[in-house]
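Starting from the known structure of chain P, fit chain C onto it as the hints suggest.
Here the protein sequences line up with chains P and C, keeping their order.
Per the numbering used here, the first sequence starts with residue 4, numbered consecutively.
Per the numbering used here, the second sequence starts with residue 4, numbered consecutively.
No wet-lab data here; the hints were simulated from the structure.
A few of these clues could be false.
Since copy identity is lost for identical chains, a pair holds within one copy or between any two.
As the list claims (entries may be wrong) - Distance condition first, Cα-Cα at most 35 Å in a straight line; then the derived DSBU-like pairs of lysine-lysine:
no.	residue 1	residue 2
1	145	301
2	161	301
3	161	145
There are 2 protein chains.
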Amino acid sequence: VNQPSQSEIENPNVDVAIVGLGLMGASLALALREHGSRPGAPLRVGRLIGVARREDTVREAMQRGMVDFATTDFAAGVVQAGVVVLAAPVRTIITQLRTQAGAFKPGAVITDLGSTKTEIVRAMDGLPDGLHAVGSHPMCGKEVTGLQAADADLYVGKRWILTRTARSDDASFDLIGRLAQTAGANTLELDPARQDRLVAVASHLPYALASSLVATAEQVSLDDPALWQVTASGFRDTSRLAASDVTMMLDILLTNREAVSGAIRDFQFHLDQLTALLERQDEAGLRTYLYAAAQARKEKGSHW
Amino acid sequence: VNQPSQSEIENPNVDVAIVGLGLMGASLALALREHGSRPGAPLRVGRLIGVARREDTVREAMQRGMVDFATTDFAAGVVQAGVVVLAAPVRTIITQLRTQAGAFKPGAVITDLGSTKTEIVRAMDGLPDGLHAVGSHPMCGKEVTGLQAADADLYVGKRWILTRTARSDDASFDLIGRLAQTAGANTLELDPARQDRLVAVASHLPYALASSLVATAEQVSLDDPALWQVTASGFRDTSRLAASDVTMMLDILLTNREAVSGAIRDFQFHLDQLTALLERQDEAGLRTYLYAAAQARKEKGSHW
Numbered sequence: 004v005n006q007p008s009q010s011e012i013e014n015p016n017v018d019v020a021i022v023g024l025g026l027m028g029a030s031l032a033l034a035l036r037e038h039g040s041r042p043g044a045p046l047r048v049g050r051l052i053g054v055a056r057r058e059d060t061v062r063e064a065m066q067r068g069m070v071d072f073a074t075t076d077f078a079a080g081v082v083q084a085g086v087v088v089l090a091a092p093v094r095t096i097i098t099q100l101r102t103q104a105g106a107f108k109p110g111a112v113i114t115d116l117g118s119t120k121t122e123i124v125r126a127m128d129g130l131p132d133g134l135h136a137v138g139s140h141p142m143c144g145k146e147v148t149g150l151q152a153a154d155a156d157l158y159v160g161k162r163w164i165l166t167r168t169a170r171s172d173d174a175s176f177d178l179i180g181r182l183a184q185t186a187g188a189n190t191l192e193l194d195p196a197r198q199d200r201l202v203a204v205a206s207h208l209p210y211a212l213a214s215s216l217v218a219t220a221e222q223v224s225l226d227d228p229a230l231w232q233v234t235a236s237g238f239r240d241t242s243r244l245a246a247s248d249v250t251m252m253l254d255i256l257l258t259n260r261e262a263v264s265g266a267i268r269d270f271q272f273h274l275d276q277l278t279a280l281l282e283r284q285d286e287a288g289l290r291t292y293l294y295a296a297a298q299a300r301k302e303k304g305s306h307w
Numbered sequence: 004v005n006q007p008s009q010s011e012i013e014n015p016n017v018d019v020a021i022v023g024l025g026l027m028g029a030s031l032a033l034a035l036r037e038h039g040s041r042p043g044a045p046l047r048v049g050r051l052i053g054v055a056r057r058e059d060t061v062r063e064a065m066q067r068g069m070v071d072f073a074t075t076d077f078a079a080g081v082v083q084a085g086v087v088v089l090a091a092p093v094r095t096i097i098t099q100l101r102t103q104a105g106a107f108k109p110g111a112v113i114t115d116l117g118s119t120k121t122e123i124v125r126a127m128d129g130l131p132d133g134l135h136a137v138g139s140h141p142m143c144g145k146e147v148t149g150l151q152a153a154d155a156d157l158y159v160g161k162r163w164i165l166t167r168t169a170r171s172d173d174a175s176f177d178l179i180g181r182l183a184q185t186a187g188a189n190t191l192e193l194d195p196a197r198q199d200r201l202v203a204v205a206s207h208l209p210y211a212l213a214s215s216l217v218a219t220a221e222q223v224s225l226d227d228p229a230l231w232q233v234t235a236s237g238f239r240d241t242s243r244l245a246a247s248d249v250t251m252m253l254d255i256l257l258t259n260r261e262a263v264s265g266a267i268r269d270f271q272f273h274l275d276q277l278t279a280l281l282e283r284q285d286e287a288g289l290r291t292y293l294y295a296a297a298q299a300r301k302e303k304g305s306h307w
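So that you can see chain P by itself, here it is in the shape it has in the complex (with noise of 0.2 Å):
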């Protein structure tokens, strides 16, 4: 039984169990369901399991047809997947990975979905021979949370960061990629280090400010409290990545400590440059800072 299967990577029809039924792996759940049996999927999905703490969970991924099979055991929920995606918050991955390792399948594929990558490749390193595993980031979200939340397109154009580990070989590395884009995502590999170093910009850093907008407003509402009668689109839009799940987003700040208090240093030496022009009215100096951050803005996010 459970012969270690090297084939399961180049089978058309590779089960896949989901490790954590919030937002992201709820939503995965629902667009490999959909575009993972299409003939012509880069991937085709067997049977869907997913694993989840909770009861009501398991209950409701299964009444809504999400998955072929749910259930609180992790043990019992991977022992016959093909591919393991982890879905958790990231330290928790990173714990999954430690002390779970004997319960994945042999030959099988294990990737994740956290947003940091260092220390979750560091742990996939660990992971015992005749084990594969590939890091995941897809760069996507939303405020609200949970299975409920649930979007089979949440990934659709979004980029999907790939990070190869000591446990990657070529044919698991494609068989992530396909899952990607299965999902709708756009693959880009990046070394662990490298995805930290630009995420901590690109996602930590305006997570770090717009928490720190809302502690701003927050205080300044105490002495006045039509502050909040005055917020419009402009502070809604800067302020929103603010909302994000907590437990989330701690993880990835406490997982990406030293990336993320860079890019904050980098940030204050770009805000500190734009105080004192305004504070010594530098009005050409004012419009040529301001006037590049606007042709950025406008050049380099047509992606979006």
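Just chain C, lined up with the frame of chain P:
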């Protein structure tokens, strides 16, 4: 000819001149055209007159039927109007108030659409007796600019701050409130210093953060061009305001310098707190900070 006509204020059909046919002015023209002729409208609008700097804007406004008459001649445009809306960048509005007071029809009510109020209200205070003036700040906008982007619903459901001046009386204040309501906005009265302080936090600070975020990303992308490939919806929304019209924003920052500097300093204090919690890995403190911001963002933004 041109007797002071206080009755203009109660006149059910008031001629409105809009000076500046960019996004804000042209959208107001469309809104007043669409809603200002309804029998139950808070303000019944008579003739709509547009004043623009460029001949082709004049031509386009006429071709689109946005206004009954358009001209590049300030004096010719405002001479018969019972209400004049100054819809240019803030420092242009201030210059117009200081140099063109003789062009207004005696008894006319002057308002504006500028984002800062202290300096504009000071200029309004200096208008001659016999003119009325009320400061306006409708809190809406788009990244796209110009008459082509005009939208009759731009003001619907949006906040419109009103400020009294030395040239406001109850009738003129009421009239501009009804103008705002006719465009679909919700009015809120604030004194100029308070509006500038609050809007510095709610609107100008988010713009400064967005611009500095883009400047940071540009700098990082010089070392690693893949940066722009990993920006996604979080970066997109947090940086949206950086694409605002630079001329408009430059005037806003320069005429609200002290309040914006103060808001940036307040923000830096909160960002420093977040950074310190992260660097010393104070998980409980970080969770408390992020959770408070998430809760505030979800609860306080219910009117957006």
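Each hint, compared with the structure:
1. 145 <-> 301: both (23 Å within a copy, 13 Å between copies)
2. 161 <-> 301: both (19 Å within a copy, 25 Å between copies)
3. 161 <-> 145: For residue 161 and residue 145, the Cα distance is within 35 Å both inside one copy (13 Å) and across copies (24 Å).
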